[in-house]
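J.: What follows is each chain in one-letter form.
2 protein chains.
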Amino acid sequence: MPISTKLDYTLAAQKIAFAPFEFQAAKAMIETGILRYIRKNKWSSISQITENLKLTEYGVTVLIEAGIAMNIILEKDNRYALSKMGMFFVCDKMTELNFRFTDHVCYKGLEHLGESIRKGKPDGLMVFGKWTTIYEALADLPDNTRRSWFNFDHFYSDQAFPEALPIVFKCSPKNILDIGGNTGRWAIECLRYSDTVKVVIADHEGQLKDAESNLRKENLLERASFYPTDFLKGIQKLPKGFDIIWMSQFLCCFSEEEIQNILHVAKGSLGKNSRLFILDTFLDKQKNPVAEYILRMTSLYFTCFANGNSKVYHSNTIINCIKKAGLAVKKETNHIGLGHTLLECINPD
Amino acid sequence: MPISTKLDYTLAAQKIAFAPFEFQAAKAMIETGILRYIRKNKWSSISQITENLKLTEYGVTVLIEAGIAMNIILEKDNRYALSKMGMFFVCDKMTELNFRFTDHVCYKGLEHLGESIRKGKPDGLMVFGKWTTIYEALADLPDNTRRSWFNFDHFYSDQAFPEALPIVFKCSPKNILDIGGNTGRWAIECLRYSDTVKVVIADHEGQLKDAESNLRKENLLERASFYPTDFLKGIQKLPKGFDIIWMSQFLCCFSEEEIQNILHVAKGSLGKNSRLFILDTFLDKQKNPVAEYILRMTSLYFTCFANGNSKVYHSNTIINCIKKAGLAVKKETNHIGLGHTLLECINPD
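Those protein sequence lines, which keep their order, are chains A and B. Quick note: the first sequence uses my numbering, first residue 703, plus one each step. Quick note: the second sequence uses my numbering, first residue 703, plus one each step.
Source of the hints: derived by calculation from the structure; they are not laboratory data. Possibly wrong hints are sitting among the right ones.
Note: identical chains are not told apart, hence a pair may lie in one copy or across any two.
[As the list claims (entries may be wrong)] The list that follows gives simulated cross-link-like pairs (lysine-lysine, DSS-like), each with its CA atoms no further than 27 Å apart:
#1 K778 <-> K742
#2 K987 <-> K708
#3 K744 <-> K786
#4 K742 <-> K795
#5 K708 <-> K786
#6 K989 <-> K778
Based on the sequences and whatever the hints tell you, model everything.
T.: Structure follows, in structure tokens:
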């Protein structure tokens, strides 16, 4: 959206000053069914909407009038239709998941963003309870918070995994160490992709329970095992003897110092012909401004909720960490899924 | 901001899905002093900002990177400056007051906007305590909430009063009934403008205490008196014998039905040569899209916090109420202050 005149600048500033109004108005327009209704019934009047959705004329009016200001709703002779932008709130999965993530995970706690930055701690997390990081808390978060967190997390990795699989399996690995394996989605993909590969998932005990249950449902437990650990408390070593060590959307959960340490430990566990694959999103490797925008906002989630010192990085930050840990990048593949980069690393020693 | 391509629509939708992130990031950029610093020190590096503001490099980085996505901050060779839009957060009084109003009065309670619409009650108000309307609550709200509410309210009326005074005083009124006189700002203007006029302020007891104290400070109590009442509970009559009845930013606090009743009662109190002056903002009488945007968002404040059934109206809604109450509009003056309209009404009987 090019901004050019003084009025545009003024309006853009007000749109930030009233941003929480926009968010909650959009939510109310979705939840009351107004957006779906005017999508199906183009150019409806206020009274038609009111009658069909069993709302008050007043309630429909204030939301419609706000929707016009937000470019979600179009107006013509006191009749209303969904705008092209409004379509995203009705039809687009990514917009829906981003919206729910902000709503269920972030809205309340974001009030503590400033404090989180001053303290270097994820102060927003306190709205859910007393935890040091969200990774400890995940298993115990309220149901809708937990669901929206995982849906957000999985949506982006789900698009990347199918493209990453053939690259990772080119070397026909016998076994994979899946570091930060979360609820087992990558492990399941691997165990399905190959009939022989074995996978060890390393993560928090809470996530491993979920992972185990998910693998059981898929009848894939036989070639899987679990390695409970807490990377945020600092790790000294990892099990050895894997053809591949895999880290997906994992390093973004740590500070630069921690990343260097993790990569150093990973190096110690890499054999001569082993590969370390890092799948992550980088600010500077995006094809379009939408992906970059989402990543820049997601960094603030890491500040306020995750652990207070992690973020979405520039690729050179991570590549520097890789080099400092004594590893070498053998290949970089960009534009995987919606905006992931796959770094294939080796131990050059 | 013209939106034209599919990418623009997608981005605009994400900006709503992440709107609370934008709001809290802007707040943190203001409160940490980052915006002021890069305004004074154009094209600073992250380390310069970090050192001078005693923040962590991490904290400055995530905010700067978010600020770029929000068009608040400009980037050139890893150095940063304030954008033209960012200037509004540092220099513009209106943006500052809108921002603080959203922050201190609305952020938390806006989560209850949907419920407020379903129930027809200002459910957002519950975050402050158990009240039916914000007008009962005003005297007891937390200090910064109260201050931000009055600053927001006064800012807009303060620009309008000087232009409205000569119009109202053209008929040399002996006495004015100031309905919904709030903390006495209009009364003070009138008592200063004329050495002889007397003013009666009608409002909630809480506000009248403030008004009395403010008039005392100005040494203007001699020609003022007070009429405690609660218009939201329905009024049957008003005192008579005034040359002018005045309602500033008052009718927007009521539903259409209540407005009609209030105007009907006001009619009963208007003498043959009396005038009723209504000063208010109307959605359809704005000169620019910024003013209209602010008013459309402000309607949602009335829904969620004020009383659950009032809003910023279209002028024809109020003019219809005036007619239905048996009054006639003698003159309409638009574009007063930042976007007020002054309606001069008479009793045609």
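J.: Work down the list of hints and note, for each, if the structure agrees.
T.: Checked hints:
no.	hint	result
1	K778 <-> K742	within (16 Å within a copy, 46 Å between copies)
2	K987 <-> K708	between (32 Å within a copy, 20 Å between copies)
3	K744 <-> K786	within (12 Å within a copy, 38 Å between copies)
4	K742 <-> K795	within (18 Å within a copy, 43 Å between copies)
5	K708 <-> K786	both (26 Å within a copy, 8 Å between copies)
6	K989 <-> K778	between (36 Å within a copy, 20 Å between copies)
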